[in-house]
Structure formats: C-alpha cells, structure tokens
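Heads up: the sequence shown is residues 2 to 189, going by my numbering.
Certain hints may be false.
The calculated label-pair distances, taken between Cβ atoms and stated as ranges, are [as the list claims (entries may be wrong)]: (1) 65 <-> 90: 22 to 28 Å; (2) 40 <-> 148: 22 to 28 Å; (3) 163 <-> 105: 18 to 24 Å; (4) 100 <-> 126: 40 to 46 Å; (5) 104 <-> 49: 19 to 25 Å; (6) 40 <-> 126: 18 to 24 Å; (7) 91 <-> 52: 18 to 24 Å; (8) 62 <-> 116: 20 to 26 Å; (9) 104 <-> 41: 29 to 35 Å; (10) 130 <-> 59: 33 to 39 Å; (11) 133 <-> 160: 18 to 24 Å; (12) 40 <-> 116: 15 to 21 Å; (13) 72 <-> 50: 16 to 22 Å.
I should point out that these hints are in silico values taken from the structure, not numbers from a laboratory.
In this text the structure is predicted, and so the values were computed from the model without any measurement.
Glycine included, C-beta positions come from ideal geometry on N, C-alpha and C.
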Amino acid sequence: MKIQNFFKVAFAAFIFLSANLAFAQMEKTKMVGGAEMYPSKNIVENAVNSADHTTLVAAVKAAGLVETLQGKGPFTVFAPDNMAFDKLPKGTVETLLKPENKATLQAVLTYHVVAGKMGSKEIAAAIKKGNGKAVLTTVQGGKLTAWMKGKDLYITDENGGESKVTIADVWQSNGVIHSVDSVVLPKM
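Whole structure, please, built from the sequences with the hints as guidance.
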C-alpha cells in the first residue's frame, strides 16, 4: 500500500512539474541583463533580476516606487540601464539617492514612465501618424518625443537629451519595458 501511495504522489508531482514547465515554455521570454524576463511577472519582479538595471532598481526602491510599479498599470517604462546612469555627471546618482532628494528622484523616474501599454509597434504607428514624431505624456507630467532613425527607436526629453531604445518590447503582466541607453530628464 505504501508503494502505491508513493507512486501516486510521485506521479502527481511529475504532472504538476510538467505543467509548470510547459507553462514557462509557452511564455515568450526575453533576455535582459543576463536574466529571462517573464510576461507573467510584473515590472519590479522582472527588473530585480536584470544585472544591467541594478542602479534603476536601487533608485526605484529609494524613491518608494516599488509598490506603484508592482501595481495594475499598465505602464510603458523606458528603463535606463546601468551604463545610462554612468553617463550622468559624477555624483548625480549618489545625490539623487539621498533621502532629502526623494521628490526629485521620483520626478526623474516617473518621467521615464508613460501610462498604458505601448509596444514598439504602437509607438512606431504613433510616430508615423505624427509625421515622424510622437509626443508622449509621462506619469511625471512632462513630455517625451519618440522618433525613429532608420529602424532604431529614440526618445528625446524636454531638454533635448536623446536616448536610444536598446531592447524593445519586454512584456510584463502590468505593462512593457523598453531598455534605454541614456537617462532622460524633465525640465526642473
């Protein structure tokens, strides 16, 4: 009797693991920062696994935006990678991460977020409709201008700073992430 129960439990475990593996294989993941990004996970759950976005994750935590970016959304996030933050003047990131600069940090981070779920195809369509440019309103309240250079997607901030989308269409349960190579800044 004990052997029969063992086989029943083992078979049930096998079926459960097989179903989970099949589900994971059905998800179309994308590699970002050496980690798979799963469409069934939210923005924060995926971002924390990217080795290329550790500065962004630290900034999101310092700004108190984790709960927001785990929320229902949907959000379109233009996510600066670590090298993007390295392009900022020396000491900028350290200054922004100080508790007394939380409001400024929140403004900078939410300037990288647009309400809604806009994949690269939707952004490209908006650019085409706008005769080469699409103006996107950020959660911070500022404007980003999206445009194309050949097949590459760029965004320009209100100060004229440009950022190239290096990895597009990283789908999340609550939106989409587009990794970018420069930090964009609102008018302050």
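To see whether the hints hold, each was checked on the structure:
no.: 1; hint: 65 <-> 90: 22 to 28 Å; verdict: holds (24 Å)
no.: 2; hint: 40 <-> 148: 22 to 28 Å; verdict: holds (27 Å)
no.: 3; hint: 163 <-> 105: 18 to 24 Å; verdict: holds (22 Å)
no.: 4; hint: 100 <-> 126: 40 to 46 Å; verdict: holds (42 Å)
no.: 5; hint: 104 <-> 49: 19 to 25 Å; verdict: holds (24 Å)
no.: 6; hint: 40 <-> 126: 18 to 24 Å; verdict: holds (21 Å)
no.: 7; hint: 91 <-> 52: 18 to 24 Å; verdict: holds (22 Å)
no.: 8; hint: 62 <-> 116: 20 to 26 Å; verdict: holds (22 Å)
no.: 9; hint: 104 <-> 41: 29 to 35 Å; verdict: holds (33 Å)
no.: 10; hint: 130 <-> 59: 33 to 39 Å; verdict: holds (37 Å)
no.: 11; hint: 133 <-> 160: 18 to 24 Å; verdict: holds (20 Å)
no.: 12; hint: 40 <-> 116: 15 to 21 Å; verdict: holds (19 Å)
no.: 13; hint: 72 <-> 50: 16 to 22 Å; verdict: holds (19 Å)
In summary, the structure agrees with every hint in the numbered list given earlier.
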